[in-house]
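Novice: This is what each chain is made of:
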Amino acid sequence: MTVARPLPTTTGCRETPVLKQRGQREVFCGLTGIIWLHRKMQDAFFLVIGSRTCAHLLQSAAGVMIFAEPRFGTAILEETDLAGMADAQDELDSVVAKLLSRRPDIKQLFLVGSCPSEVIKLDLARAAERMTQTYAPHVRVLNFSGSGIETTFTQGEDACLASMVPVLPTSTARELMLVGALPDVVEQQAIGLLTQMGIGPIRVLPAPRAADQFGVGENTVFALTQPFLGDTHAALERRGARHIAAPFPFGEEGTTAWLAAIAHEFGVSQEVFDRVTAAPRDRARRAVAQASESLRGKSVFFFPDSQLEIPLARFLTRECGMTAIEVGAPYIHQNIVGPDLDLLVEGPVLSEGQDVDLQLDRCRAARPDLTVCGLGLANPLEAEGMTTKWAIELVFTPVHFYEQAGDLAGLFSRPMRRRDLLKLEAAE
Amino acid sequence: MKLTVWTYEGPPHVGAMRVATAMKGLHYVLHAPQGDTYADLLFTMIERRNHRPPVTYTTFQARDLGSDTAQLFQDACRDAYDRFKPEAIIVGASCTAELIQDDPGGMAETMGLPVPVIALELPSYQRKENFGADETFFQIVRHLARPVAKTDRITCNLIGPTALGYRHRDDIEELTGLLSDMGIDVNVCAPMGATPSDITRLGAAHFNVLMYPETGESACRWMERDLGLPFTKTVPIGVGATRDFIAEVAAITGLPAKVDESRLRLPWYSASVDSTYLTGKRVFVFGDGTHVKAAARIARDEMGFEVVGLGCYNREMARDIRALAKDFGLTALITEDYLEVEAAIEALAPEMILGTQMERHIGKRLGIPCAVISAPVHVQDFPARYSPQMGFEGANVIFDTWVHPLVMGLEEHLLHMFREDFEFHDAAGASHHGGKAVPAPEVDDLPIVAANNDAPTPQGGEVIWLSDAERELKKIPFFVRGKARRNTETFAQQKGLQEISIDTLYEAKAHYAR
Chain H
47 MTVARPLPTT
57 TGCRETPVLK
67 QRGQREVFCG
77 LTGIIWLHRK
87 MQDAFFLVIG
97 SRTCAHLLQS
107 AAGVMIFAEP
117 RFGTAILEET
127 DLAGMADAQD
137 ELDSVVAKLL
147 SRRPDIKQLF
157 LVGSCPSEVI
167 KLDLARAAER
177 MTQTYAPHVR
187 VLNFSGSGIE
197 TTFTQGEDAC
207 LASMVPVLPT
217 STARELMLVG
227 ALPDVVEQQA
237 IGLLTQMGIG
247 PIRVLPAPRA
257 ADQFGVGENT
267 VFALTQPFLG
277 DTHAALERRG
287 ARHIAAPFPF
297 GEEGTTAWLA
307 AIAHEFGVSQ
317 EVFDRVTAAP
327 RDRARRAVAQ
337 ASESLRGKSV
347 FFFPDSQLEI
357 PLARFLTREC
367 GMTAIEVGAP
377 YIHQNIVGPD
387 LDLLVEGPVL
397 SEGQDVDLQL
407 DRCRAARPDL
417 TVCGLGLANP
427 LEAEGMTTKW
437 AIELVFTPVH
447 FYEQAGDLAG
457 LFSRPMRRRD
467 LLKLEAAE
Chain L
90 MKLTVWTYEG
100 PPHVGAMRVA
110 TAMKGLHYVL
120 HAPQGDTYAD
130 LLFTMIERRN
140 HRPPVTYTTF
150 QARDLGSDTA
160 QLFQDACRDA
170 YDRFKPEAII
180 VGASCTAELI
190 QDDPGGMAET
200 MGLPVPVIAL
210 ELPSYQRKEN
220 FGADETFFQI
230 VRHLARPVAK
240 TDRITCNLIG
250 PTALGYRHRD
260 DIEELTGLLS
270 DMGIDVNVCA
280 PMGATPSDIT
290 RLGAAHFNVL
300 MYPETGESAC
310 RWMERDLGLP
320 FTKTVPIGVG
330 ATRDFIAEVA
340 AITGLPAKVD
350 ESRLRLPWYS
360 ASVDSTYLTG
370 KRVFVFGDGT
380 HVKAAARIAR
390 DEMGFEVVGL
400 GCYNREMARD
410 IRALAKDFGL
420 TALITEDYLE
430 VEAAIEALAP
440 EMILGTQMER
450 HIGKRLGIPC
460 AVISAPVHVQ
470 DFPARYSPQM
480 GFEGANVIFD
490 TWVHPLVMGL
500 EEHLLHMFRE
510 DFEFHDAAGA
520 SHHGGKAVPA
530 PEVDDLPIVA
540 ANNDAPTPQG
550 GEVIWLSDAE
560 RELKKIPFFV
570 RGKARRNTET
580 FAQQKGLQEI
590 SIDTLYEAKA
600 HYAR
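Protein chains in written order, with this note's numbering: chain H, 47 to 474; chain L, 90 to 603.
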C-alpha cells in the first residue's frame, strides 16, 4: 500500500470575493447538452425548434455522431413561420406528427427552445401540453429551453432534468436519488459502492427509459453528481426532496467525501464504510499519484465552460499538487459548490461570467503551465506557446469516482507530457 | 418549419465569418446571442487555424433583451476597434439578432469610427452560408474597390478563396504557378490573405480569375461592370477544364497559351492498361455546384466512368447543374435534404459516389466506395500535404483520390474470388492470422423471400428471389451486387416474371452485358 500523502490544509475559498465581468462570452449554449443526454435517455427524442444556426451547432458539436441516426433534430424556422404565430404552432404539430410516425420507438419527446424561438415567444410549453394529450399514453412530450440567451453549455442538462421533475409521480418512500447524467460504467460503480453499504433503493435521474419512472416526495433524499444542476436542485426541493450537500466525486478525496455524506445520511457505520471503500480508495490514490507526476508544482488557469471548474480545481490543487491561478466558471451556485470551495486551496482568482478578451489578457500575463479552455481558444493559445487542455472532453469522458480518478489526472497531464516529448524546433 | 439533422450549409453569418477569417486587417462585429461563438471552432479545429477568427460577438443574454442590446452592440464595436485597430469593420446580425431588429449597420455608421464600416444584410431565414460569403465579399469590394491605374505587367486577381474552403489553400498556389508560367502575375488574391487596403487595389489588375463562383461571382460581376475587369468563366479543375481555362486566359490577355505539362500524369495513368477496369464504372456525383460540374466532366471524359446521377445542394447553382445534367441525359437532383440524396443513391445503386462528408457516410452505410470532392468536409480534408484540386497537380491528386477506394474494391474482389476457400469467407473478418481464424458457417437454406440488406427491393416490386438464385447472387462481389440485384429485378418485372431463378439471373446478366 502506498503511503497517503498529506493533503494540503486550507481555509478554503468560500469567502473569496468573486470577480464578475460582463462582455463577450466564448461558451456553448445549452443545446449542446442534447448530445450526451440523448445517448443516456434511450427512448427520448430531442427536437430543437430553432434556426439553421442551431442545426449547424449541433452538427459541429456532435461531430461524427451526427451520422449515427441520432435521436435529435432541428425544426428549422422559415420565413413563413416568423410571419404569423398561429401558423407556427400548426407547423410544429405537423413536424412532430411526421417525426413520431417515422420513429414509433420514441416514448419521450422534448421540445427544446432556442434563441430564435424564445425571441419570437413561441409557446412551446403549451405545445408540449397539447401534444401530450394528443399522443397519450404512448408518448410524453416535455419542453425546456437550451437557448444561448438563457443557458450555458451544461445548463442545458439542468433545464432538461428540471423539466422532468414536476411530472414525476408523488411517492412517500425513503429513497436515494442520484441526479445527473453519467456514463453508464460510472453510474454502475457509484450504485455498486452505495449498495455494498446497504443503501437503497437507489434511483437515477435521468432514468434510461420513460418506463423506469419513479416517485419523489418528502422522504426522498438526493445527491448531485454534477455541479451544474441548480434548477433541478430547486425543482426537487419544491417537491419536498432534501439535498445531501457534498463535494463532487472527482478524485479519491472527492469521491470519498461524496460517499461519506450519503453514508452519514443513511446511518452507515464507519466500519462498513471503510470496508467498502478501502480497496478502491487505495487504487485511486495510486493511480492519481502516478498520473499526476508531471502536474506537481505546475500552475493551472481555467476559462469558464461547464461549471465543473471549481470541483476540478479542487482535485488538481489538493490531489495533484497544482496551483490554481484563476478558476473561471459560467455560474457559481454557492450552495451547490460550497463544499468544494471549502476545500479548494486558497489563492486563485474566482471569476464568474466572462469578458473573453480581458480574461485572455490575464491568462497571457500569468503564463500558466496549463490552460483549460474551449476549442475556440485552444489552438490559438497553443500557437502562442501555452499548453492547453480542451474542456469539453471533461464532460464526455468518464471522470467521476474512484476507478476514473487516474484517468482524470491523465487528461490534464497528457498535454504537458506531449509538450515535453515533441522536439519540433529546428536546429540552431 | 423543416425537420433537419444534417445541414450541407451553415447560416449566412458563417459565410461572412469565412470571408473575415480569410482576410487580414478586417474585423467582424456580429450581433449574436451567447453560444454563437461555437462557429469559432470550425476555424480553429477543422482548419486548424493558429489564431482566433477576427470576430467579436455581442453575446447578449436574456437579461439584456430590450433597449440594452443596442448599447451592447455599440460597446462591442468600440472595444473591438480599440483592441484590434482594423483597417475596416464589417457588422451584421445573426439569426436571433435579426429578430430583435437592432440595425447593426445603422448603429455602427453613427458611431463615427475612423475606418470604413460595412453593413451586411444577411437574411438568415432564407439564405445560407455560401450566399453569406458571396454577399459579404461583394459588399467589401463594392465599398472599398475604386478605379486605379493598371499595372504595367499583365496581372490578374484570384477571386473567391475563403477560410474553410475545400482545398482553397493549395488551389491558390497551383493557379499562381500556372499563371506565372504564362507570364501573368497575381495582383491580389481575395478574400484569402487580402487586407482591406489590398481590396482598394483590385482595379489595378487586367482581369479576374473567378476561382469559386459560389463565393466570388457577385464581386466579379460588379468589378466587370464598374471597374471594367473581365473574369474567367471556366474553373480549372480537371485536365480538360485546365486547358480550356488556359485558352480563355490567352484570349483575354493575348498571351500565348504556354504552360508546363511535364508533371501532368493523369492522362497517362488513365490510359494505362491498369485503368481499363475503370471503364463504365457507374458513379453518382453530389456536392457544391462548381465541384460537381468539374467532377462530372472528369468522370466521363478523363476517367471513362459513366455518370448515372448528379446534383448539388446550393440552389444558387441549380440552373447550371440542371443544364449539365441535361447534357449527360440525366435529371439533376437539387436538394439540401440528405434523405433525398440517400434515396437517389439507393435507387441508382452506383459503384462509386463522388460527394461530400455526408455522401461518404451514406456510402459507408450502403457499402459503396466514396471519394470526397466538395465541402462540407471534416478535419481530414484539410490535409498537411499539398493537395490542390485545380490545375495539373490537382488532376494528379484527383486521379489518386478517386481510384484509391476502387483499388480497395479490387482487393475485396480478389478475396471474394477465393470465398470458397477455407480461410476466406464473409464471417472471417479482416484477418485470419494470429489464431483469429473462424470456420465458415454452414450454408443452410436461405429464406426464399428477398430479405437482404445489399439493396432495398424496389417499390412495388413483387418479384420473389428463389433461394438458389439468392445464393448465386451472394457470389457476386459486393460492390456490383447491388447493381446486379437491381438489374435482375428490373429485367424480371419487364418480363412479367413473379420469381427469380438462377436462369433469370443469368438471362438478365446477358441482357445487360456490355
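A couple of the hints might just be wrong.
What the hints assert, rightly or not - In silico DSSO-like links for lysine-lysine, alpha-carbon gap of 30 Å or less:
# : chain 1 : residue 1 : chain 2 : residue 2
1 : L       : Lys-91    : H       : Lys-153
2 : H       : Lys-86    : L       : Lys-174
3 : H       : Lys-144   : L       : Lys-91
Said to hold, decoys possible - Partial chain L-side listing against chain H, Cβ under 7 Å, derived:
#  : residue
4  : Lys-91
5  : Gln-123
6  : Thr-126
7  : Asp-129
8  : His-140
9  : Pro-143
10 : Ser-269
11 : Gly-272
These are calculated hints, taken from the structure and not from any lab test. What you are looking at is a predicted structure, and each value in this text was computed from that prediction instead of being measured. Yeah, the Cβ is synthetic: ideal placement off N, Cα and C, and Gly gets one too.
Novice: Which hint numbers does the structure go against, in order from smallest to largest?
Specialist: 2, 9, 10 and 11
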